[in-house]
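Here's the letter readout for the chains.
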Amino acid sequence: MKIGFLNIKDNTFLTEIGEIWRFTMRFFREINKPKQEYEEFVHQCFWIGYKTLTLVGITAFIMGLVLTIQSRPTLVEFGAESLLPAMVSVSLIREIAPVITALICAGKIGSGIGAELGSMRVTEQIDAMEVSGTNPFKYLVVTRVMAATLMVPVLSSMANAIALYGGYLGVNIRGQVSWHLYWFQVFDALSFGDIIPAIIKTFFFGFAIGIIGCFKGYYSKKGTEGVGRSATTAVIVASLLVFIIDLIAVQITDLLGLT
Amino acid sequence: MEMPVITVEKVNKSFGSNHVLKNFSMQVMQGENLVVLGKSGSGKSVLIKCIIKLIEADSGKIILLDEPIMEREEEELDQLRSKVGFLFQSNALYDSMTVRENLEFPLRRHWSKQEREAGSEQAVMEALEDVGLAHTVDLMPSELSGGMRKRVALARSLILKPKVILYDEPTTGLDPATSREISNLMVEVQEKYHSTSVIISHDMNCIRITSNRVIMLIDGTCYAEDLYENLIKSKDPKIREFFE
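Residue numbers (numbering that gives the first Met the number 0), protein chains in the order written: chain A, 0 to 258; chain P, 0 to 243.
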């Protein structure tokens, strides 16, 4: 089909969007079918959650520390140094911690899933699963997408806490704010309108990372070269989707008057 | 009278403009070892993948163990697939699992939890003993040689005691001695389990050892069908190409 200069049939970008959509719809159909793969789901939660925790933790700590150190001079200039904990907490909780966590997860989880499923595809392991009577989509895709959807918000919440602790140390490098006062100022500046939308969007981040990683790996082609390509494109597309979801989430939050 | 276990009737399969199978027909009888011989890319692997519906044929009829598989949905195929073993060309062992976990994997779908707790260990050991690799039960596939991986893959396809075994180039990439061992093992397995086999191969030694009948797949159709002993004497240049 030709629309203006666009040839829909030959347009791989539009074709891919269509395929991702069909893949997502298949996920929702398969999720309700028996039998549930609880064991594999728990296993994936462990791999996705526990094995990413250190990376997310270190990044979050540095993020909190650096943001505080970098923000101080500007606030000092305006005589608003006392607002530092409040500013850091709102920035971290609403935007920086969820997005940075999601990007780290897109890199680690997205590429991991893409490469793992891609390698299973090219070595016929997915076919072997199908021949053995196991639904590979349910066993491999549904469990991984659900684990990513569940664990990214958990990781993001942990990143929030660790980043705020980093912020506390950052505040105390040049100034002196007590532990209690710091946390009082942090929570005083936050409302549910800051926390809840930020948590909700991380579920969407996790879902997008899982679905893209699985899609790229599940339909991997062209041998080892294809596996590498699956892993790389999984990271690129998932990272891009994180920003798109974030943009939409911000607009919705704004429309609902939660900003 | 012997009943056909597999019937393939006028099956067509194309990939874009590449018409791989053209009105292809064949029958495999109970207890028979049928070898399908053909050039690389001639559609041999596509054919056995169509038989188990890993690839969907475009048209025609395939009956496997009295079930018209092209009309069956994925869920309905699960039970039928438990009666079929498939040895992949690349072995397709799950590389993140031990040999034991690889063999237990098909059981998790077809056996209840109680059955698995009671009999899985015995079934795993029996299948591994059949291929002479009981000592590898706790090793990872990466710790095994090519021949051992092939044997473990065969053990995995035997664990549910299948009525039909499909072999996709079982001796590719193996040295002549190991190749002969695998071929002999396939015959032993067939005798022990009274299974029916379709073997895709162009390894003449393997064909000589294992085949009861040979089908030559050329240009997507069944070009010739006979005993190995008769085919090697053929004067047809297209057949001679394979045996010279």
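Honestly, the hints are just simulated from the structure, not real lab data. Don't be surprised by glycine CBs; every beta carbon is placed ideally from N, CA and C. It is possible that some hints are incorrect.
Quick list of in silico lysine-lysine cross-link-like pairs, DSS-like style, CA-CA up to 30 Å [to be verified]:
| hint | chain 1 | residue 1 | chain 2 | residue 2 |
| --- | --- | --- | --- | --- |
| 1 | P | Lys234 | P | Lys21 |
| 2 | P | Lys82 | A | Lys32 |
| 3 | P | Lys60 | A | Lys137 |
| 4 | A | Lys137 | P | Lys234 |
| 5 | P | Lys82 | P | Lys112 |
| 6 | P | Lys21 | A | Lys220 |
| 7 | P | Lys52 | A | Lys32 |
| 8 | P | Lys232 | P | Lys9 |
| 9 | A | Lys34 | P | Lys232 |
Among chain P residues calculated to face chain A with C-beta under 7 Å, some are [what the hints assert, rightly or not]:
| hint | residue |
| --- | --- |
| 10 | Ile51 |
| 11 | Leu53 |
| 12 | Arg80 |
| 13 | Lys82 |
| 14 | Phe87 |
| 15 | Ser89 |
| 16 | Ala91 |
| 17 | Tyr93 |
| 18 | Glu103 |
| 19 | Trp110 |
| 20 | Gln113 |
| 21 | Ala117 |
| 22 | Gln189 |
| Violations among the numbered hints | 4, 9, 13, 18, 19, 20, 21 and 22
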